[in-house]
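The whole structure should be built from the sequences, with the hints applied where relevant.
Residue numbers (my numbering), protein chains in the order written: chain E, 1 to 222; chain S, 1 to 222.
Among the hints, a few may not be true.
Stated by the list, open to error - To give an idea of the chain S side of the interface with chain E (calculated C-beta under 7 angstroms), a few residues:
id: 1; residue: Ala-37
id: 2; residue: His-40
id: 3; residue: Phe-154
id: 4; residue: Val-168
id: 5; residue: Thr-178
Keep in mind the hints are simulated off the structure, nothing from the lab. Virtual Cβ for every residue (Gly too), placed ideally from N, Cα, C.
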Amino acid sequence: MKPGRDKTPTRWQRACHECDLLLTGRLAPPGQKLLCPRCNATLHRNAHNSIRYTAALSLTGLLLFIPSATLPLLRFSIFAIGAENTLLNGVMSLFDAGYIWLSTLVLFCSVLAPLGKFLLLAFICWGSGWAFLDRPVGAAVRWYQHLKEWGMLDVYMLGILVALIKMSDLGKMEVEPGLYCFVAMMLVANLTTLSFDPHAVWDRLAQRRAHRTRAATAGGLP
Amino acid sequence: MNRAQKALQQGLTSCLCCHQLVALPAAGRCRCPRCGARVHGRIDGSLMLTWALTITGALLLLPANMLPVMTVIYLASGEPSTIISGVMQLYHAGLWGIALIVFVASIAVPVMKLVGLTLLLIQIQLPLPLNPRQAMVLYRVVSGIGRWSLLDLFMISILVALVDMGAVAQVAAGPGSTAFATVVVITMLAARSFDPRLIWDVYDRRRGMDSTNNNHGAAGNG
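Right under this line is the structure:
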């Protein structure tokens with residue numbers, strides 16, 4: 001009767017990952033948060049329709065990534081000469097000037113990590129529907145947890161604002177269309193992070209596994 | 001009497017990656033059956049690693065603040081500016097809001113992170129009074145704010161591409177920026193290698209020593 005997904009035969013169902021307190025409750029009700037009673041850590045945040053929203057949002061983010069990485073973000077001009085800035089050419093100029101480590105870090109935090117987050121989430125949410133992708137999806141969730149804090153689009157946005165104000169007395173600063181796409185991508189990235197709930201994915205995988213074992217035993221009986 | 005149950009005493013632990021409750025084998029480490037991440041009771045060598053990274057970060061903070069991070073050349077004049085002098089320039093230009101943001105992001109946050117981590121480590125290792133709830137607040141602040149110090153580096157990478165007009169105006173990065181980038185990465189890694197569950201281990205152990213009718217307060221703690 002019971003799906004054999006809990007290997008431990010105890011009444012404990014989870015331990016707080018920040019203070020190691022054993023707890024009986026496992027998941028938060030939809031739309032609410034589960035906090036650790038001892039240390040106040042957020043144990044689980046159950047977003048509404050997590051997988052569907054995240055699937056849609058990550059796809060939106062991927063689409064928005066194309067214009068925000070290729071179109072210029074800002075244009076700065078003094079007298080008649082001007083220069084434009086895209087997400088990548090700042091990295092290129094730093095690399096050309098010999099700051100390899102710095103340019104790698106900027107590239108990773110402002111381009112690769114956000115792109116990787118969108119790709120992983122899209123793969124997790126769309127791929128969790130197929131049984132043969134169970135293992136890659138599990139690995140993708142793990143990589144996402146490692147990559148999560150390195151995507152820094154919001155910090156980059158603040159950097160753009162500071163640059164905009166700092167240079168506005170030297171010359172003329174113009175906002176280019178790429179910046180609007182970038183702002184949209186940043187908002188979508190934050191929404192995606194908020195709506196993604198790994199427990200929904202784990203539950204989906206566990207349910208399918210239980211279903212499969214039930215089907216296998218039912219098929220083996222007669 | 002009614003003490004909170006700790007997972008490690010029951011031979012259980014929470015997978016840090018997917019928060020699944022895992023029964024630890026006698027060896028003390030295994031792979032999480034759900035996500036495949038390495039699971040151990042506490043992060044291996046957490047205190048030592050955090051100390052090492054914190055000290056490295058503190059040492060690197062010196063070159064990061066003394067060497068110039070950026071040179072703005074405008075009409076063939078300009079001199080290298082360090083992080084602090086950049087903030088002062090913004091302040092004297094009347095942009096005190098931006099000056100405050102840059103000050104908080106690139107001076108206050110790294111220093112606060114290093115001081116906070118040192119406080120946490122000292123509280124755990126020395127017999128100092130420890131309020132675990134306050135320590136947890138400190139831990140969460142320290143691990144949450146770290147990414148914002150990359151603001152200055154993003155701004156430099158934007159300006160380097162944007163203000164590139166030869167003799168009229170040019171922005172070049174300076175050697176301090178490499179050191180600063182390393183400080184940010186090192187402190188982020190330090191915050192990640194710190195295991196907050198150690199705070200509660202020490203708290204329980206000390207409380208166990210105070211009350212005489214306690215049997216196994218510090219069992220199984222290396």
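Now for the hints, and whether the structure bears them out:
Restraint check, Ala-37(S) versus chain E: the minimum CB separation of about 5 angstroms is within 7 angstroms; hint holds. This hint is violated: His-40(S) has a C-beta 12 angstroms from the nearest C-beta of chain E, more than the 7 angstroms allowed. The criterion of a C-beta within 7 angstroms of any C-beta in chain E is met by Phe-154(S), whose closest approach is roughly 3 angstroms, and the hint holds. Contact between Val-168(S) and chain E, as hinted, is supported at the beta carbon level, the nearest pair being about 6 angstroms apart and thus within 7 angstroms.
Using the Cβ-Cβ criterion of 7 angstroms, the hint placing Thr-178(S) at the interface with chain E is satisfied: the shortest such distance is roughly 5 angstroms.
Checked against the numbered hints listed earlier, the structure breaks hint 2 alone; every other hint is satisfied.
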